[in-house]
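So you can see what is in the structure, the chains are spelled out below.
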Amino acid sequence: GAVVSQHPSRVICKSGTSVKIECRSLDFQATTMFWYRQFPKQSLMLMATSNEGSKATYEQGVEKDKFLINHASLTLSTLTVTSAHPEDSSFYICSAADRGQKTQYFGPGTRLLVL
Amino acid sequence: DAKTTQPPSMDCAEGRAANLPCNHSTISGNEYVYWYRQIHSQGPQYIIHGLKNNETNEMASLIITEDRKSSTLILPHATLRDTAVYYCIVCPTGNQFYFGTGTSLTVIP
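From first to last, the protein sequence lines stand for chains G and F.
Those letters in the first sequence? Residues -8 to 106, by the numbering used here.
Those letters in the second sequence? Residues 4 to 112, by the numbering used here.
Excised from the complex, chain G in its bound form:
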């Protein structure tokens, strides 16, 4: 199956700093990428949909100025958590849809801990 990578796999940062998470489709071109957040013992919550070359579409309740998404190429999307606070600590997961868009392939996730 298609491979999606994320970097870093885990990050610890101080409150008030910004953190960038990369999501890459390694063996296919992804016109659409998605970002999810998962809190402990909960399901995945969709944050935003990212289309290559255009602005991301955010789900209701997700602050676009806090969670900056850039999808500059067909293989890379980035999520920047700006001015991170402890409540932003979570598991962030991306997925990528191939050009045929029959399904989504998920990355391994990034665990963010804000102190």
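Some hints could be false.
[Stated by the list, open to error] Listed next, the in silico DSS-like pairs over lysine-lysine satisfying Cα-Cα at most 30 Å (straight line): (1) K5/G to K32/G; (2) K32/G to K6/F; (3) K6/F to K55/G; (4) K46/G to K55/F; (5) K32/G to K57/G; (6) K6/F to K55/F; (7) K5/G to K93/G; (8) K93/G to K55/F; (9) K93/G to K55/G; (10) K55/G to K32/G; (11) K55/F to K72/F; (12) K5/G to K57/G; (13) K93/G to K72/F; (14) K6/F to K57/G; (15) K93/G to K6/F; (16) K72/F to K32/G; (17) K93/G to K32/G; (18) K6/F to K72/F.
[As the list claims (entries may be wrong)] Some chain F residues flagged as far from chain G (calculated, every beta-carbon gap over 12 Å): (19) N26; (20) S44; (21) N56; (22) D70; (23) S73; (24) R84.
Worth flagging that the hints you see were computed from the coordinates, not collected in a lab.
Here the structure is a predicted model, which is why all the values come from computation and not from measurement.
Ideal placement from N, C-alpha and C gives every residue a C-beta, glycine not left out.
Based on the hints, put chain F in the right spot on chain G.
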């Protein structure tokens, strides 16, 4: 919002078939049924998807009822490594996934 209902948990004996049900009574004609699983602290893994015909691959079989209002994922010979949370999702291809709470499957030795 998720359009699916799954039992919160199930057990299955190792080596036996695991049958995981999913209700999606409000499914639309252009919506596919997708199944993913998530092993603790990992990203979801694609298993299988289908529109109206039954599907089979190396991992599992997907049985969709004729009215498409429910489906069953079948793992033919469950192993301990199949212990995971299994998510059933319905949506048109290329669209956003809204995850429900899934079924936590425990395979018992």
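Here is what the structure says about each hint:
no. : hint           : in the structure
1   : K5/G to K32/G  : holds, 24 Å
2   : K32/G to K6/F  : holds, 20 Å
3   : K6/F to K55/G  : holds, 26 Å
4   : K46/G to K55/F : violated, 34 Å
5   : K32/G to K57/G : holds, 24 Å
6   : K6/F to K55/F  : holds, 17 Å
7   : K5/G to K93/G  : violated, 39 Å
8   : K93/G to K55/F : holds, 15 Å
9   : K93/G to K55/G : holds, 27 Å
10  : K55/G to K32/G : holds, 25 Å
11  : K55/F to K72/F : holds, 10 Å
12  : K5/G to K57/G  : holds, 16 Å
13  : K93/G to K72/F : holds, 21 Å
14  : K6/F to K57/G  : holds, 29 Å
15  : K93/G to K6/F  : holds, 19 Å
16  : K72/F to K32/G : holds, 28 Å
17  : K93/G to K32/G : holds, 28 Å
18  : K6/F to K72/F  : holds, 11 Å
19  : N26            : holds, 16 Å
20  : S44            : violated, 7 Å
21  : N56            : holds, 14 Å
22  : D70            : holds, 23 Å
23  : S73            : holds, 20 Å
24  : R84            : holds, 17 Å
In this structure, the hints that do not hold are numbers 4, 7, 20, in rising order.
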